[in-house]
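Residue numbers (my numbering), protein chains in the order written: chain A, 1 to 329; chain B, 1 to 329.
Where hints are given, some of them may not hold.
[To be verified] Derived coverage of chain B by chain A (criterion: at least 3 residues anywhere in the stretch with Cβ under 8 angstroms from a Cβ of chain A; other residues may be distant):
no., region
1, 64-73
2, 93-107
3, 137-145
4, 255-266
Simulated from the structure, these hints should not be mistaken for lab results. All residues carry an ideal CB built from backbone N, CA and C; glycine is no exception.
Number of protein chains: 2
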Amino acid sequence: MNEIRIGIIGYGNLGKSVELGIQQNDDMKLIGVFTRRDPATIKTVIEGVQVFHIDDAENMTDRIDVMVLCGGSMSDLPEQGPLFAGLFNTVDGYDTHAKIPDYFNTVNKNALDAGKISIIASGWDPGLFSINRLYAEAILPVGNTYTFWGKGISQGHSDAIRRVKGVKDAKQYTIPVENAVEAVKRCDMPDFTTGEMHKRECFVVVEDGADKKRIEHEIKTMPNYFSDYDTEVHFITEEELKKNHSGMPHGGLVIHCGKTGLKESHNHMIEYKLELDSNPDFTANVLIAFARAAYRLNKEGVSGAKTVVDIAPAYLSTKSADEIRKSII
Amino acid sequence: MNEIRIGIIGYGNLGKSVELGIQQNDDMKLIGVFTRRDPATIKTVIEGVQVFHIDDAENMTDRIDVMVLCGGSMSDLPEQGPLFAGLFNTVDGYDTHAKIPDYFNTVNKNALDAGKISIIASGWDPGLFSINRLYAEAILPVGNTYTFWGKGISQGHSDAIRRVKGVKDAKQYTIPVENAVEAVKRCDMPDFTTGEMHKRECFVVVEDGADKKRIEHEIKTMPNYFSDYDTEVHFITEEELKKNHSGMPHGGLVIHCGKTGLKESHNHMIEYKLELDSNPDFTANVLIAFARAAYRLNKEGVSGAKTVVDIAPAYLSTKSADEIRKSII
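Model the full structure from these sequences, guided by the hints.
Right, dumping it as structure tokens:
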């Protein structure tokens, strides 16, 4: 069997998790990691993995079947997504929900020109959660879908706290409000305001002599990030932060309640829940499964940009159609 | 917009639920119900729905886009599935897991010959649970998948009790064992024996003067159905059975735990859970969503037998690709 030859663009947390995740998939082979830094300075997690400069990628189109793009959605992917879509089959986890339509169009054009496929906005949200929102809405059209995130660390909110004067370091957990989850599961079909679904817990390390009262106030009143939420601020030491809050757990729930029957008297609840010890590891594994789909679909002649809902689930599996019918259906 | 014209073959609980479910979908129109009984004797749930004899269906291939097959898997579908696959696009909920590969092959041949598509084994298990098993296994290949059913009524087990001498009527609930669910969610990756995952609760109405001791013993020791399980038997009156146990609730969970990381030190839990007030209503709504997919795929020239994992999720949605990217992804 031909192994699927994978390249990784960007070697941060997500890139490292993709490097590890590929080892769990016998039908794949990691060709190398591509970075903007000096390749000689990079130590890979797995010994012997080749490191290339990102500029070398364009000369390796015949050596790599799918590029997994592991850069950030803020500044890396808007440039790298369209660029590499014109050279390789790609998979990415572009996650700026509001800009997905524009990103899709730009990537689509280049991928079609190159005859390659690009699966964008993969991962878990967008990604698996999108898939579940779609199935649930299609099956129970008279109903409501609710998405809860957490408990998990939000990078954006942690960064926002770090920008407050006097803050040395910080981690912010997004946590679903328990009463809200229960109301949704009871099929009460509630309408929530922003702050009613999630609360925010912050662990903050301050500079020596910083004014904690002011910092707490500035965090809790920060517009968009915290002012609409029930926010708790805990001041802790640098050691505590390192010891207890250096993991990257995350997760969440998509819950859809719908009604059927002559008088809509029957309630149905569909719940999809993730509890993840490592957000980058799990996201990486989703990207890898969609990389398999990208490879296969392009072999069948499919090109252009796709999102996860455009891909039939079977393309993600290593099992043959026969095996799937025997052991999974 | 052209409405999708739907026919229903078989007018039992599932057929009636499909009749109701179609009313929730603006892009569909119910052309009629087809039955083996005398059409004049059928009173439909919704007034004005046309009732035809099943033998008339073959003359209506130009009036119906998708036939939803609502017969049973034991004796109806093995005959009706292949027959109607040769005439119409079809969707069914064939659920005899072990025979799905054979059923697929027979249906596939006729559907290909007719240039039609047949989506088989739809519903929730097989169906949505199959989809979730596949995604989870593909994303976390180092891991285990567990399927729990219930709390819900098992028709097969209820029927088995009714065959015991002296039993007038009975309902059997399949219930997941709580400790087993918890062990799975903790990612203990347990190996279970048959009876460790589910228990069985039976509500039994006996004939006057029947020997309850003997009946309870016969139920609890019945091979395949009950002898391997923790089984509770409650004797109740006919009135109680009617009042408290005439609904058709069901549900279940697919839980997959997987490991990632350099030393597989990260656990990830994916849980998909259904809580359904009406098993036939929910199953019907799944069939209806896949009927939409069947219609669209056949319009694109796709034919042959398919299972739910062969269908890209987007085909189930009434939303356009643009709308999906804007509002669901």
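Status of each hint after checking the structure:
{"no.": "1", "hint": "64-73", "result": "violated (count 0)"}
{"no.": "2", "hint": "93-107", "result": "holds (count 4)"}
{"no.": "3", "hint": "137-145", "result": "holds (count 6)"}
{"no.": "4", "hint": "255-266", "result": "holds (count 6)"}
Of the numbered hints stated above, the single one contradicted by the structure is hint 1.
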